[in-house]
Amino acid sequence: MTDAAEFKYVGTRPVRPDGVDKVTGRAAFGADFTLPGMLHGLVLRSPHAHARIKSVDLSGALEIEGVFAAVSGADFPEVEDTGEMGGEGGGSIKDLSDNCMARGKALYHGHAVAAVAANSLAKARAALAAIKVDYEVLAPVMDLDAAMAEDAPLINEELMTQGLAEPATKPSNIASRMVMGRGDVAKGFEGADIVLEETYYTPTVHQGYIEPHACLATVNEGGQATIWCCTQGPFEVRSYSAAVCGMSIGSIRVIPSEIGGGFGGKTTVYLEPVAIMLSQKAGRPVKMIMSREEVFRATGPASAARSTIKIGAMRDGTITAMSARMHYEAGAYPGGPVPMGCMSVFAAYNVPNLAMEGFDVLVNKPKVAAYRAPGAPQAMFASESMIDELAKALDIDPIDLRLKNAANEGDSAPYGPTWDAIGLKACLEAAKAHPNYRLALNEGQGRGLAVGFWFNIGFQSSAEVHVNEDGTVTVIEGNPDIGGSRASMAIMAAEELGIPYENIRVQIADTENAGYTMVTGGSRTTFATGMAVVEAARDVIGQAKARVAKLWQVDAEMVEWSDGHAVPKPGMNVDQKPMSFAEIAAKTAPSGPLLGKASLNARGAGPGFSVNVCDVEVDRRTGKVDVLRFTAIQDAGRAIHPSYVEGQLQGGAVQGIGWALNEEYVYDADGVQQNAGFLDYRVPVASDMPMIDTVIIEVPNDAHPYGVRGVGETPIVAPLAATANAVANATDVRIRDLPMSPPNVLAALDAD
Amino acid sequence: MAKTHVSTRINGQDAEFLCSPEQSLLEVLRDTLQLTGTKEGCSTGDCGACSVLVDGTLVCSCLMFAAEAEGHEVTTIEGIASGSDLHPLQQKFLDHAALQCGVCTPGFIVASKALLDEDPDPSEESIRYWLAGNLCRCTGYDKVVRAVQDAAAELRS
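Protein chains in written order, with our numbering: chain A, 1 to 752; chain B, 1 to 157.
Next up, chain A with everything else stripped away, as it sits in the complex (with noise of 0.2 Å):
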């Protein structure tokens, strides 16, 4: 590992290439594509929450005049249940079709049960109007209880539990059950001075972007389709299409648009394929973009969540023994992120005896989507508090008895694998060390910390170098920019190649024009896509240094690399002056372009863990919470532009903070969300946030180059807790159940 002080481009602040784009407006995102001769998509929702499809009538859409074409769930082919759609989400390719459009019944308010496409919106919207569906309205099951409990209605009526200790006898809501753990949890609480049990929920939420989705899909009459779509995964949005829509993956091109947010909730498929099918109906483009209430009502959401924690330890605050027993809402389908909730809940300690158990259980809500460390900020907001009422209860600084029992390298994670260098204790050394953490607080204000922790993913990714004739170069790769990764790229290129980062420019291609790419999520891009940049710079270098060995008729290891020029090794004798890219690219021109590629699977992703440090003033008259200081601290293993990872870790802790303390989905008796738009939706406004300090820890992470390990979604697990353990410091009363509303904190005040 080289050493930061050596970097010239690595751990510096340029503006991003993409910049100036995006603050003048010329940026192109999901909604920004027009075609000449595009009809306008439109979704009809169904308005139960759940119900038999016993009919759909198209007929009276189609005899509208200007509408061209109108589906339903019989136009799209059955698909085959082949497992697992890979990706962050869970489920199976039949669910995910079955998602974009219901078939039999429809699980939740806002399913797709018929689309049309007009030439204009107001006939499209005329079009829904003239559908008529015939439902045999059935009750819906909206919360964990109503769903686990034995007369529930049947949400889908062959389902039967996977990984019950005894096979499954009869269908029910529960999807399946998963247990993991080491050691012997009942003689580790036997053993423990201290043994506390609580139970912590959190509800639904969503990710909350500030585009809905949007695509415009063109099919030709030959069968191939294009499709501009704002998404995080454009490959991914291929081969979802070619499986829902019965076609090729070949036949396809997806065209990444710039992306306004996703956060998780862009790694799959709703518009694509509907756009597809209309389009190939209609003989032209389609263009089809959500409301905001489509968005709340019908994408996303992140798992509602119920954890129960058990947890014994000496007096000394040694941990002797963790269980947890999680249950999570998937949705309609299968698919909660539950096995991360298992592996997560616990990783931050070291302790001998440990058993996750946790349940995928189905509701009438749409399908979660992947949210930003999908499942971890459910596990330890449970986990996290839990420590801290540890804390508590044997009076033992909350910073000292995670420093006592917090997991090390060469530890064993409870998932199993040994801990490479890791930055959990260095970030609660942070922690403690930071003058925020002396702060003296006043009458009613409170202090809470927790720990965040995410695998991060590696995976596969390709990219291309080429040089220009003037000595500029391209850099080709298939990660939608979300958050700053054109100039990571560009500035672990510049690294490499020795040229100024104003000479590179950065392009994230469709899925025609970059190698396969998996997508813009799981905190992978800077790590896994990084890595084949520089490895893709590296194969520039070493082709460049082969012709100029060529030209100068000396071996090729007299050559090196320096400052972006080739020179003469050092003591080799070589009477040659330093070539620049556009020398060797003129000179060398008969040996064609210089362009550098790289296709890898990236492994050993670096797990980030983090340590927040909130405090928070309680209005005891009103019950709201007001957020008066924040300090996020994160292992980063090595900070390629460190302004965009401060943003990721502010992003994060403002998210988490509007999980922990107003987001929610709030729904009536009949399975209808009550406030599908942001105005009931609250989420956090610039006056309602303090400026977010952050400290960045680099324990570099020797898998990648330069030490990089995801950093994307470790900034949203720790909030949660941190912020519920302000509250109980600032109130001595300890809310388990989120969010901590006003009405919320009241009454729990009130019962106190």
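It is worth saying that the hints were derived from the structure and are not from the lab. Misleading hints may appear alongside valid ones.
What the hints assert, rightly or not - On the chain B side, residues computed to face chain A include the following (Cβ under 10 Å):
no., residue
1, GLN34
2, THR36
3, GLU70
4, HIS72
5, GLU78
6, ILE80
7, CYS101
8, VAL103
9, CYS104
10, GLY107
11, ILE109
12, ASN134
13, CYS136
Claimed, not checked - From chain A, some residues computed to sit far from chain B (all C-beta separations above 12 Å):
no., residue
14, GLU6
15, ALA165
16, TRP552
17, ASP563
18, ALA589
19, LEU749
To be verified - Here are some chain A residues pointing at chain B (derived, C-beta under 10 Å):
no., residue
20, VAL23
21, GLY66
22, ILE482
23, LEU628
24, PHE630
25, GLN650
From the three backbone atoms N, C-alpha and C, an ideal C-beta is built for every residue, glycine too.
We have chain A; now place chain B onto it with these hints.
The following block gives chain B in isolation, referenced to the frame of chain A:
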């Protein structure tokens, strides 16, 4: 229904368009005039992504009928830079990395310009309350507020 003819000025130029009575200014800006820099995040006036200035006043263009623009001067994100020079707010948003995905950025810059036109030296609290109608889900607002503070300082100097 017959369309309405509207004469207005957009980003310093005379502009005319035809619109239906129910069309919002946002819809006409984006779909008729191809000024797609103004974004649609909610169409209920809650997110501020569609912020524009009408005669210098900050407006959610999703909440204004296009026909109401008759005789008024509209400024969109495309009209904030002068020629090839970025407005100080645009430059400071870049310098401070005050955007991640960038979809809310046009609205924030237009809204911030309205603030600085009215109050060249706003406090942090004023900035936060003025921008409370603009949602950003990526940045946590820290770098946005700092960019506006820095742009205000530069505009004052």
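Structure-based check of all given hints:
1. GLN34: Cβ of GLN34 of chain B sits 8 Å from chain A, so the hint holds.
2. THR36: Given a least distance of 4 Å, the restraint on THR36 of chain B holds.
3. GLU70: Where the cut-off is 10 Å and the nearest Cβ of chain A is about 22 Å from GLU70 of chain B, the hint is violated.
4. HIS72: With Cβ-Cβ at 20 Å, over 10 Å, it is violated.
5. GLU78: Holds, about 5 Å.
6. ILE80: holds (7 Å)
7. CYS101: holds (5 Å)
8. VAL103: holds (3 Å)
9. CYS104: holds (5 Å)
10. GLY107: holds (9 Å)
11. ILE109: With Cβ-Cβ at 6 Å, under 10 Å, it holds.
12. ASN134: holds (7 Å)
13. CYS136: Holds: closest Cβ of chain A sits about 7 Å from CYS136 of chain B, inside 10 Å.
14. GLU6: holds (24 Å)
15. ALA165: Since the minimum Cβ distance to chain B is about 42 Å, ALA165 of chain A lies beyond 12 Å and the statement holds.
16. TRP552: About 42 Å separates TRP552 of chain A from the closest Cβ of chain B, which puts it past 12 Å; holds.
17. ASP563: Its Cβ never comes within 12 Å of chain B, the nearest being 27 Å, so this holds.
18. ALA589: About 34 Å separates ALA589 of chain A from the closest Cβ of chain B, which puts it past 12 Å; holds.
19. LEU749: holds (27 Å)
20. VAL23: holds (4 Å)
21. GLY66: Interface hint status for GLY66 of chain A: violated (14 Å vs cutoff 10 Å).
22. ILE482: Holds, because the Cβ-Cβ distance from ILE482 of chain A to chain B comes to roughly 5 Å (cut-off 10 Å).
23. LEU628: Status violated, d = 13 Å.
24. PHE630: holds (9 Å)
25. GLN650: Given a least distance of 4 Å, the restraint on GLN650 of chain A holds.
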